[in-house]
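Top to bottom, those sequences are chains P and U. Each residue of the first sequence is one higher than the one before, starting from 351 at the first, in the numbering used here. Each residue of the second sequence is one higher than the one before, starting from 1369 at the first, in the numbering used here.
Calculated directly from the structure, the hints in this document are not laboratory data. It is possible that some hints are incorrect.
FRET-style restraints, in silico, Cβ to Cβ [to be verified]:
no., chain 1, residue 1, chain 2, residue 2, range
1, P, Val-383, U, Pro-1495, 36 to 46 Å
2, P, Glu-510, U, Val-1469, 41 to 51 Å
3, P, Val-431, U, Ala-1409, 35 to 45 Å
4, U, Gly-1442, P, Ala-465, 41 to 51 Å
5, P, Asp-461, U, Gly-1442, 54 to 64 Å
From chain U, some residues computed to sit far from chain P (all C-beta separations above 10 Å) [said to hold, decoys possible]:
no., residue
6, Tyr-1500
7, Asn-1501
8, Lys-1535
9, Ile-1542
10, Val-1546
Computed from a prediction, not measured in an experiment: that's the story for all the values here. For every residue, glycine included, the Cβ atom is placed at its ideal position computed from N, Cα and C.
Each chain, written out:
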Amino acid sequence: MALPAIGSAGLALDDVAARLAAALPSDLSDLRVQEPDTVVAVVAPAVLHDVALRLRGLEGLAYESCNFVAAVDLGDGFEAVYHLYSFAANSYLELHVAVPRAKPVLDTVSDVWPAADWHEREAFDMMGIRFEGHPDPRRILLPDDWVGHPLRKDYVDSIENHPNV
Amino acid sequence: MGLIEGVGLGPIADRIHYPNISQFERPNVVTTTVDFIFSWARSHSVFPFTYGLACCAIEMLSSGFARFDVARYGMEVFRPTPRQCDLMIVAGTVNEKMAPVLKRLYEQMSEPKWVIAMGACATSGGPFYDGYNVVNGVDKIVPVDVYIPGCPPRPEALFQGLLELQKKIQAMRIVPPVPADDAAVAANARAAAQQSAADLSPDDLPPAAPAEELPGEALPSEAPVAPAAAPADLEKVGD
């Protein structure tokens, strides 16, 4: 059941997916619709920043809000998930970006959506994904001298990781 | 008229027991000890520090409102700054990022100060005891006076903890107790002074009278030494 569209476009979810596929044909792969209001797509890490800029400026379907940035440990690699929202179309977009475990580095999108700043810091703190170009790439939840990234599946807790307490 | 007949003001006034005010005609002095009056005042005017960290804070705050009303114990003056507080109620989970902040705020509180660990988390880590980021008990950082179990404790449990803390505060002593050894020293010194005064001729009398009146202060200040040596020294002083 699709929620009533409040934006000027008033697009149905399938129309949103079709417009996204038309606007960024080569960059959004595995485009699919997830009821009631979300479009899911996979983006290559190399074009992430470029895709972010273009999504933010889409005519009538501008994803102006970055709700949060999630990080997932899939075992053989990580995945960063960007949850975006378009006020104009009242529609959500999930961008899934694969991150290799050997070199967990992505381009920052905090210059595109300032809200992503602290979310990227949290993703670094918990999962160890570094974001190139981030203005303040410190830990955000744990003490600065913490060793390791505790939400990784292979993290083993030890008092040596946080000797202060 | 029949109903109120015989129930006039006179009989009612006779049944009222007015307080006996004759005591105010006498010298109106109440004597007590410094320890009693200070611990009584301290234990009934505790200023808690608003240190809510998790769901226990909801109970702590509700205990301050009208339904439970912590003001009944004189502890309603919650302060948001540690410098005006003498009781830190740690209400909630302490994680490692918070730990140095908590320690610093505790050190900023003025003496004397107390800490209550409210709830399972502040006591031992509680349901998060094996979390990678959870301090297993705030007593790893600051000394705790009273532990309150519960998850979270109801306001009644907090009140019982406050009452236990009141007992602890009332047991505090400002005036240091005279140790038994010192009392023996003072008694020996008094006896020695009397003896030396009796040995002296009446012409050399002056030290005797002050030694009688201030045995505990005047004599030890002249001879603040070990008990065994006290009588010999006093004789020298007397000569």
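Results of checking the hints against the structure:
Roughly 39 Å separates the CB atoms of P:Val-383 and U:Pro-1495, a value that falls within the hinted 36 to 46 Å. Taking 41 to 51 Å as the suggested C-beta distance range, the pair P:Glu-510 and U:Val-1469 does not conform, at roughly 23 Å. P:Val-431 and U:Ala-1409 have their C-beta atoms about 59 Å apart, which leaves the hinted 35 to 45 Å range violated. A hinted range of 41 to 51 Å for the beta carbons of U:Gly-1442 and P:Ala-465 is consistent with their spacing of about 47 Å.
Between P:Asp-461 and U:Gly-1442, the C-beta spacing of about 55 Å keeps the proposed range 54 to 64 Å intact. Consistency note on U:Tyr-1500: stated as away from chain P, yet its beta-carbon is not over 10 Å from all of that chain's, at 5 Å minimum. In this structure U:Asn-1501 is not separated from chain P by more than 10 Å, as the shortest Cβ-Cβ distance comes to only about 6 Å. Non-interface call for U:Lys-1535 relative to chain P: holds, since the shortest CB-CB distance, roughly 31 Å, exceeds 10 Å.
The beta carbon of U:Ile-1542 sits about 35 Å from the closest Cβ of chain P, which is more than 10 Å, so the claim that it is off the interface holds. No beta-carbon of chain P is positioned within 10 Å of the beta-carbon of U:Val-1546; the least distance is around 42 Å.
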